[in-house]
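Chain residues, written in single-letter form:
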Amino acid sequence: MPRHEKLIAKASDVSIEVDNEESIDEEQDEETDNDDSDVESEDIKKTAPRNRKENGKKKTKHESEDESDSSEDEKKAKSRKKNMKSKNKVTEESNDDESEKETNKNRKDGRNIKSKKKYSDDNSNGDEAANKRRKEKRGKKQADSDSEEEDNRAKDKKKAKNAKAKGGKTRGKQKKVEEKGVSRTKNKGQHSTGSSEEKSDEEEVITEEDMDKLKEEVEEKKKLIATLRNKPSPMKQKLQLLKEAQEFVEKFEGALGKGKGKRFYVYKVMMTKKWMKFQRDFENFKTACIPWEMKIKEIESHFGSSVASYFIFLRWIYGINMVLFGLTFGLVMIPEALMGKPYGSIPRKTVPKNEQHSAMNFATLWDFGGYAQYSVLFYGYYNHQRSIGWLKYRLPLSYFLVGIGIIGYSFMVVIRTMASNANEEGGGDDTSFNFSWKLFTSWDYLIGNAETADNKFASITTSFKESILEEQENRKEGNIHLTRFLRVLANFLVLLTLAGSGYLIFYVVRRSQKFAQQGLEDYGWWERNEVNMVMSLLGMFCPMLFDIISPLENYHPRIALQWQLGRIFALFLGNLYTFIIALLDEINLKLEEEKIIRYNITIWENSLYNGTWLGNSSTRPPLDVDPAIVPRGPCWETMVGQEFVRLTVSDTLTTVITILVGDFFRAVFVRFINYCWCWDLEYGFPSYGEFDISGNVLGLIFNQGMIWMGAFYAPCLPAINVLRLLASMYLQCWAVMCTNVPHERVFKASRSNNFYMAMLLIILFLSTLPAVYTIVSIPPSFDCGPFSGKYRMFDVIQETLDNDFPAWFAKVFSAATNPGLILSFILLMVLAIYYLQTTSKSYKAANLELKKKLQNQSEENKKKSKKNADAAANQMEQMQNSMKNDTTRATVGQVDNIRNAIHSSNQPSNPSACLPSDRGMRLVAPPRVAVTRPPRPRNPGQLPGQPRYPGPQQYYGARPRMPRGGAAYR
Amino acid sequence: MGNKQSVFTEEQLDEYQDCTVFTKKDIMRLYQRFHALALQNIPCHCNNREDIKIPLQLITEMPELKENPFHQKILQVFSEDDQGFMTFNEFLNMFSALSNLASNNLKAYYAFKIYDFNSDNFICQSDLEVMLNKLTNKELSDEEIQLVCSKIMEEGDLDGDGRLSLADFEYMITRAPDFVSTFHIRI
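First to last, the sequence lines map onto chains A and B. Each residue of the first sequence is one higher than the one before, starting from 33 at the first, in this note's numbering. Each residue of the second sequence is one higher than the one before, starting from 1237 at the first, in this note's numbering.
Since the hints were derived computationally from the structure, they do not count as laboratory data.
Heads up, simulated BS3-like pairs for lysine-lysine below, C-alpha to C-alpha not over 27 angstroms straight-line:
1) A:Lys-884 / A:Lys-894
2) B:Lys-1261 / A:Lys-309
3) B:Lys-1261 / A:Lys-329
4) B:Lys-1387 / A:Lys-497
5) B:Lys-1261 / A:Lys-327
6) B:Lys-1261 / A:Lys-254
7) A:Lys-424 / A:Lys-822
8) B:Lys-1370 / A:Lys-497
9) B:Lys-1309 / A:Lys-497
10) A:Lys-895 / B:Lys-1387
Use the sequences and the hints to build the structure in full.
Here it is in structure tokens:
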């Protein structure tokens, strides 16, 4: 290494000297530049400071300047320049691939540098001998190069042409040649470089191949840098590798690209560098923003990955809701609150007169009536004015687009997550590696708590014992008829429960409508909150019922868990849809009511005009009445929004109460009453609660479904949900840490992950259905909400197209939305889906095929080795037999023995089959072997011992050789 | 993060980020952990970081590793010297490989190293026995252990040499549904 350093030092010295010489001339050059063309000199000045840092960039700049006069010329020069470098490299390129694998790449790079330095040394000294040599070389290379003529022409041209162009070129060239020293030499004189330029021109010619190779290598190094973190090698080595690769890339990156593309290439490289840096910073920022990392880690170490997966899911949902909240809050609620008409200005923004006395009561507000109802929280408050405030903010349009955007965004996120999850999952089948997986993956490395660790040990032991039993007995047969009967019975019971709960909800919703029609004031708290309470209670108790029913079925725990999940899912779904259907009924009622009220209002208005503005009915003046006494329609949208908000709130409360009662008080009771109780409470009947992962996840999913459904009619819903999730995060973290015990049952977290996501997707789809249905097919209320007065809500798009966009755009849009185009588009999509599905199917089939092949091969291998072993054993036996039998023939002599040895060595047989036999021969006394294996003049393919020893052992021993030929073809 | 500059230079951090799956914040946190493990051994300015070593016993006491039945073997795999010391580089490398962002192949490689208890580059019968005993607190009988071992060999041994090579192991483990989710330590 010291030698290298010396050389490098020498090279850089030289280059510095050159620089000094040149820098004197440099000023003159610039003057001449000015003569030549102002633009260029300006350019040089501008680029100068930057060049100090970036050689490659500067070079390209100059070259591109020169492009106009001598682009061809320049190309040549450039390529030659590169050739010089690659010339050195070519010698090593072949090694370089290997050197990647080897760790001592360092040395080679060093050599590389060294030789380059040498070259540059020669260049700048420029003695005659070297010149000659180079000329010779050049001649040789020209033969290789694409066209000799061009080269010559280029040279002539260069001489004839303005010095500046040359200077620029060579400057760049020299920079490349003298790696380090050059960085300081950004402003070299043209004349002096002009002298050295010819030499450097002559010495190198480059071929495309070399450049490609170089490019490839740089790419490879880049790849190495990118994948370094996933290389299994010690840190020190990695750091070293990284440093080398980075140096290499930095050195040669600038040399790539050609001609006009070069400038672009350098620019691209620079931008990718900056982009990478930005990405890294952004990544750092992103991870810094992830909340609750430590909390989740703590839970993970106490309960293992399964419970933690719930909290990670919760956090993920929280993230989605933050985005939804940002959309609704920032684009709908804030603009309306700041720029819309203030409260009390128009009827829809005022509490009606007859409600005002109770509008501020807590009970009313808790019910989201009164002032809460007439606020930005709900649909009805928004005005249908096309644009509001000094920004001319199109509120109705924004309201509509946000509603659509929420759904679109959610779909996108859920599907993307599902896809990435699917990629991560290996997708193995359960049977092939049962025991291996149990052994190698059952320990959860996240566990950092002694109690959990003990539980884990125990559960691993039981699972092993279970599978051993299964393996030994291979399945114990119970009474199939009884099991079947019980299963049918269980499902029947479950269906009954589902139907009952559905009917109950339907009945309750109907009843509440009746109450609502008669006026809620006459009824107590229960009647008012009946629907929500019933739904929450059903959600609480039905799963317990299912839990009681499921032991009847006698399924394996994992399958039982899936059934349980499916049933709860069905229950929730049924409840939700019953609720929605009841709501739709109510909407229809309200629509009827609206017609009557509309009629009444016209009468009322007429009477008003007749009383105060006689005869002036054609011009309608603004009504001069208190907006609070104006009669108004029922506004079904607000009603729907209110229902969903109430449902969400009561759901939250139920969760909190369940945690408090079911976990906290139970834990307190068990903990403190245990001292004075007749049996052990902690390990006996009540015990501490376990964290119910599946129930909690399902609750979360359905809650999210309600948010998606209701967010259009109650923009405050995401905000409420964010609060709820925040609260439940902290509450559940606390509850799980201080009141729950780790699971006894093994629960697979990773498998169910996508299962949950799939359910979320289904819920998303099912909850968008009613929302989209109401948006598309029910006319909006006439006197409330941003779409009042329109026939349908989506008319707002058409309105915007007509008013805010140029006519041609509207034309294009209507052309694009005509049924023919859309239909064909849908057809295309269907075709694409079909195609993709087919290909994926075929991939799957190919995968299966490969797997089968692999299995076959492994079995073959196993068989082979087993047979080999058998053969060896047999041969041994045979030897021993012959030892007993053939004592008389011991005198046959050693000649035979030797021949036999030769023969056996000639055999082209399986070495593993042959080897033992040799060993056996050596073990036994030589003369006897001669008897067992007499010399045979036959061709070696034939089995040697056959005719003489037709005994069964010989056949046995020979057999393993047979399949070998066949196996090679297989 | 005021002490970030004083502990590492930006360049060092960048290099660490290139070599591991961690972000700046993680690296700093890891350094803090490392620092806390042996306060007296490490100076605040780690100009000669390579020289600082802390004994493996101290690392074993970390809550992340304490309950792990394989912790000694893990540390042995990741530390380079035989005297039972570990540098920060190795420490970082260890948690990088065990983090959930590391690639499956890397994890499989190190899992193989860890489970290869007698370090002969193959997982053989004796390794499996050791592992089973560690995982079940020696509650399985000898026959059961033999049965499990033979079953595992039957399943995983593709080339039929009676022991699991790295290739066998990788093939088996990368198909396991739980491997990625369980073979990681959150730090």
